[in-house]
Amino acid sequence: MKKIYSVGLLVCLLAACKPDLKTSAPKPGNADFSVYLAVGNSLTAGYADNSLYLTGQQNSYPLRLSEQFKLVGGGAFKQPLLMSDVGLPSQKLILGLSTSCLGVTSLSPIPDPQPVNWADTASIAAQGPFNNVGVPGIRCIDYIVPGYALLAKAGGIPYASRFFANPAARPLDEALRIKATFFTCWLGSNDVLLYATDGGQGNDPGTNVKPYADISAPAFFDAAYNIVIDSLTSNGAKGALMNIPDVTAIPFFTTVPINALVLRKGQADSLNAAYQGLNGIRFAAGANNFVVQDHNGVPKQIQQGEYILLTVPQDSLTCAGWGSLKPIPSQYVLTSEEVANVKAATLAYNTTIQTTATNHNLAYIDMNSYLKTLTAGITFDGAAYNATFVTGGAFSLDGVHLTPRGYALAANFIIQGINAKYSSTIPAVDANKYSGVKFP
Amino acid sequence: MKRLFSIGTALTLFAGTAFGAGYQLNLQGLRQLGMGGSGTAWPWDASTIFYNPGGLARLDGIQASVSGLMIIPTVQFAQASTGNVYTTQSQQFYPFNVYVGGPVMKGSKLAVGVGVYTPFGSGLTWDNNWAGKYFIQSIYLQSIFIQPTASYRINDIVSVGAGFIYAFGNLEVKQAIPVSNENGVDGQADLKGNANGTGYNLGVQLKASDKLQFGLTYRSQVNMKVKSGNANFNVPSSVASSFPNTNFTSQLPLPQVASVGVGYKPIKKLTLQLDINFIGWSAYDSLKFDFSKQTAELKNQHAPRLYQNTVAFRLGGNYDFSKKFSAMAGAAYDPTPVHDGFVSPELPDADRIVLTCGVAYSPIRKLTVMAALEYTTTAKRNSIYNDGNLSLDGQYQTKALTPGLGINYNF
Chain A
-15 MKKIYSVGLL
-5 VCLLAACKPD
5 LKTSAPKPGN
15 ADFSVYLAVG
25 NSLTAGYADN
35 SLYLTGQQNS
45 YPLRLSEQFK
55 LVGGGAFKQP
65 LLMSDVGLPS
75 QKLILGLSTS
85 CLGVTSLSPI
95 PDPQPVNWAD
105 TASIAAQGPF
115 NNVGVPGIRC
125 IDYIVPGYAL
135 LAKAGGIPYA
145 SRFFANPAAR
155 PLDEALRIKA
165 TFFTCWLGSN
175 DVLLYATDGG
185 QGNDPGTNVK
195 PYADISAPAF
205 FDAAYNIVID
215 SLTSNGAKGA
225 LMNIPDVTAI
235 PFFTTVPINA
245 LVLRKGQADS
255 LNAAYQGLNG
265 IRFAAGANNF
275 VVQDHNGVPK
285 QIQQGEYILL
295 TVPQDSLTCA
305 GWGSLKPIPS
315 QYVLTSEEVA
325 NVKAATLAYN
335 TTIQTTATNH
345 NLAYIDMNSY
355 LKTLTAGITF
365 DGAAYNATFV
375 TGGAFSLDGV
385 HLTPRGYALA
395 ANFIIQGINA
405 KYSSTIPAVD
415 ANKYSGVKFP
Chain B
-3 MKRLFSIGTA
7 LTLFAGTAFG
17 AGYQLNLQGL
27 RQLGMGGSGT
37 AWPWDASTIF
47 YNPGGLARLD
57 GIQASVSGLM
67 IIPTVQFAQA
77 STGNVYTTQS
87 QQFYPFNVYV
97 GGPVMKGSKL
107 AVGVGVYTPF
117 GSGLTWDNNW
127 AGKYFIQSIY
137 LQSIFIQPTA
147 SYRINDIVSV
157 GAGFIYAFGN
167 LEVKQAIPVS
177 NENGVDGQAD
187 LKGNANGTGY
197 NLGVQLKASD
207 KLQFGLTYRS
217 QVNMKVKSGN
227 ANFNVPSSVA
237 SSFPNTNFTS
247 QLPLPQVASV
257 GVGYKPIKKL
267 TLQLDINFIG
277 WSAYDSLKFD
287 FSKQTAELKN
297 QHAPRLYQNT
307 VAFRLGGNYD
317 FSKKFSAMAG
327 AAYDPTPVHD
337 GFVSPELPDA
347 DRIVLTCGVA
357 YSPIRKLTVM
367 AALEYTTTAK
377 RNSIYNDGNL
387 SLDGQYQTKA
397 LTPGLGINYN
407 F
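Protein sequence lines, in the order shown, are assigned to chains A and B. For the first sequence, the residue numbers in the working numbering are -15 to 424. For the second sequence, the residue numbers in the working numbering are -3 to 407.
Keep in mind that the hints are not guaranteed to be accurate.
Restraint-style ranges between C-beta atoms, simulated for each label pair [claimed, not checked]:
{"no.": "1", "chain 1": "A", "residue 1": "ALA328", "chain 2": "B", "residue 2": "ASP347", "range": "43 to 53 angstroms"}
{"no.": "2", "chain 1": "A", "residue 1": "PRO195", "chain 2": "B", "residue 2": "ASN125", "range": "42 to 52 angstroms"}
{"no.": "3", "chain 1": "B", "residue 1": "ASP347", "chain 2": "A", "residue 2": "THR89", "range": "51 to 61 angstroms"}
{"no.": "4", "chain 1": "A", "residue 1": "THR339", "chain 2": "B", "residue 2": "GLN304", "range": "51 to 61 angstroms"}
{"no.": "5", "chain 1": "B", "residue 1": "ALA292", "chain 2": "A", "residue 2": "ALA328", "range": "32 to 42 angstroms"}
Below, simulated BS3-like cross-link-like pairs (lysine-lysine); rule was C-alpha separation at most 25 angstroms, straight line [what the hints assert, rightly or not]:
{"no.": "6", "chain 1": "B", "residue 1": "LYS376", "chain 2": "A", "residue 2": "LYS6"}
{"no.": "7", "chain 1": "B", "residue 1": "LYS289", "chain 2": "A", "residue 2": "LYS2"}
{"no.": "8", "chain 1": "B", "residue 1": "LYS395", "chain 2": "A", "residue 2": "LYS2"}
Where chain B lies over chain A, by a calculated footprint (3+ residues, C-beta under 8 angstroms) [unchecked claim]:
{"no.": "9", "stretch": "10 to 23"}
{"no.": "10", "stretch": "366 to 372"}
These are calculated hints, taken from the structure and not from any lab test. Note that the structure is a prediction, hence the values are computed from the model and not measured. Using N, Cα and C, we set each Cβ at its ideal position, and we do this for glycine too.
Taking the hints into account, I'd like the entire structure generated from these sequences.
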């Protein structure tokens, strides 16, 4: 008996040597997270590095949210996962060595050399319904179009058709298959982003996506958005509505400098002779603004507040006289008028989103402000993030979509908004656990 | 136009603060350890070379005192934002002390001796992917002080002593670098270096009566200089030029300590003693790491520390049950030198409460065998590390259990 007592004492003593910090148990507040549905586009699907691939999906912000929701009663979360990690329908970008026209080899985004697995285009609808119905490329105005999945597939975009139970129905119908008790909706970026990434070649307003995407008319956007949210909330589900970011702050538009045309005196003189002061085009020794085509194809010198897109062929700038002798084609340039169109549409859409959130008493998540904070630079537990292409940490190699880390940070911001709205205490994600851009 | 990449995220090192209060080991003699670490007033045995060099001339002959200890420190961090709780890996460290000294001859007023002891040293290993990995993944340090000492008994009341300190040691710090490789795994910085420095230890011992003794000591600051440490970086090859393996220099001040102590025997069998330590932590105002090769990402690090001076209290007692057997008990309060906003995970320091106990047994007159146990706990300390951005918000707690064994032989 005495022996047992002394062993017990020893255990007590050893136990006292370990700290026993506890954190308070997360609470769901006045929302029900048992069935979570994520509605959205490429950002919601986990698209990154210019493609959709398995690892990207496994790092989507809805998956991060669902993991945190599980701490407050959330259930299983099913995503329409691809088999391949290469990318569909084209290879994702990876960092690798590429040699420029001048023979200089440097680290750049290059396509994954492995082949696309076309088996991934086969329908996996039988595994559904899915909790993440994010469809890369989808616009808000597409969400109420019957047969969108078939139209997109015909246009070479297989994302919806591969998991929609009924491709002939509206995307909204696919979303409604899950009887969600809680949903997030991040629709609307593509209603303006596709226009911007096409260099503003499309119309404002319009509904086309080919050959160049238009800006969706705000009234049309407003109608579609309200139909979507009315339907999603019809059974009493609560949720969070994310507004759309001002795309001109993302690396896709801010990485290529507008004044990287460095000339010697002789070169400047001969270019001046060639242009003869056309549209005020004027060169001097040193750094000059590139010559670009405006919306109507007329040459002009690019100005502050205008952007050259990340997709501009680098070798053409370096070796083929683009930006000097030959104006950079309009589809690689966002001029000030086009930027104004983008900003006006973004403002209009965000007004709709905020009003809808208020009307339905849903959480309104100001992702636009958050991404501005992120592009200005933040620190998360000792790791710095900003909007610098490749090295900023949050944006993937396409300069538009996020890295696993970036998506985790987005999830944290959404959680903050949900906690504030529903008095829940869902903990944040340890974003640094996930990777940034991967370096060879 | 060529795309040039640089790593936006520069390395920020916080290492080396490990030589802080959390790593100051008050374990230089087992008898004193058993009494809460007090020992300035009463020259118990040869370990007075550390506690009060002035007491060496009070010994009644040459003594040798040897002890070995095992520290098992555990730190826990509960992150407020994520609710995650992280605990350092279980590890053991082995401080030791060796002292030889006493009056040069029976009845001599002059005493000499030498002490070899380990006043600073320990380590922490966090999980490689824990929330604070960009601050610290693991830290390990060791220091050994060698102190030749002379002591002189001026009269029956006053004796004085002085020792010269040569200190040497080494440290190793590992920290994640926020650059993912192809498998999504972070890079890592590994900094290793040997350090050395010098200082001194002065003491006055006053034997007011057989019942009442006083001690006054001053241990100088020891600047541990790392003259040529090795910084190695494990990063993806495409960014290796941003993080070249290089040498570094650093300097870590181990603080000056002034102590006053009083010892009193209310009855013949019982000795009570109290020490008050005034610790000059404010010498530690910033931490500097200077690299011989620098890049845009690898810059010299000068991180503010702004430690504050502290006053620690140590109280203990020794009770002689018989000529052969005695027991010790004690407690100490050791407040933290770390300001709010500077509590970082390599030194998650907080006010310490120390409880100790020990036993001593003398099978023969000249030999004493001792065992002691120290239990250290900190208050739970809430902190946000404030490096301009709020990071690692949460709560820390440290606990450590330190058992030790020792012998003293009176020649």
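### Query
Taken at face value, is the distance from the CA of LYS6/A to the CA of LYS376/B at most 25 angstroms?
Cα-Cα ~11 angstroms, so holds.
### Message
Please check whether THR339/A and GLN304/B have a Cβ separation lying inside 51 to 61 angstroms.
### Response
holds, 54 angstroms
### Task
Evaluate the given range 51 to 61 angstroms for the C-beta pair formed by ASP347/B and THR89/A.
holds, 57 angstroms
#### Entry: Restraint check for LYS289/B with LYS2/A, where alpha carbons must lie at most 25 angstroms apart
Roughly 42 angstroms between the alpha carbons, so the hint for LYS289/B and LYS2/A is violated.
### Query
Against chain B, does the stretch 10 to 23 of chain A show at least 3 residues with beta-carbon separation below 8 angstroms?
Contact hint for the stretch 10 to 23 of chain A vs chain B: violated, 1 residues under 8 angstroms.
### Message
Run the distance test for LYS395/B versus LYS2/A: straight-line Cα separation, threshold 25 angstroms.
### Response
holds, 6 angstroms
### Query
With a cut-off of 8 angstroms between beta carbons, are at least three residues of the stretch 366 to 372 of chain A near chain B?
holds (count 5)
### Task
Could you see if the CB distance from PRO195/A to ASN125/B stays within 42 to 52 angstroms?
This hint holds: roughly 46 angstroms between Cβ atoms.
#### Entry: Cβ separation of ALA328/A and ASP347/B, checked against the hinted range 43 to 53 angstroms
violated, 58 angstroms
### Task
Starting from the hint 32 to 42 angstroms, judge whether the C-beta atoms of ALA292/B and ALA328/A obey it.
Holds: the Cβ-Cβ distance is about 39 angstroms, inside 32 to 42 angstroms.
The earlier numbered hints that this structure contradicts are 1, 7 and 9.
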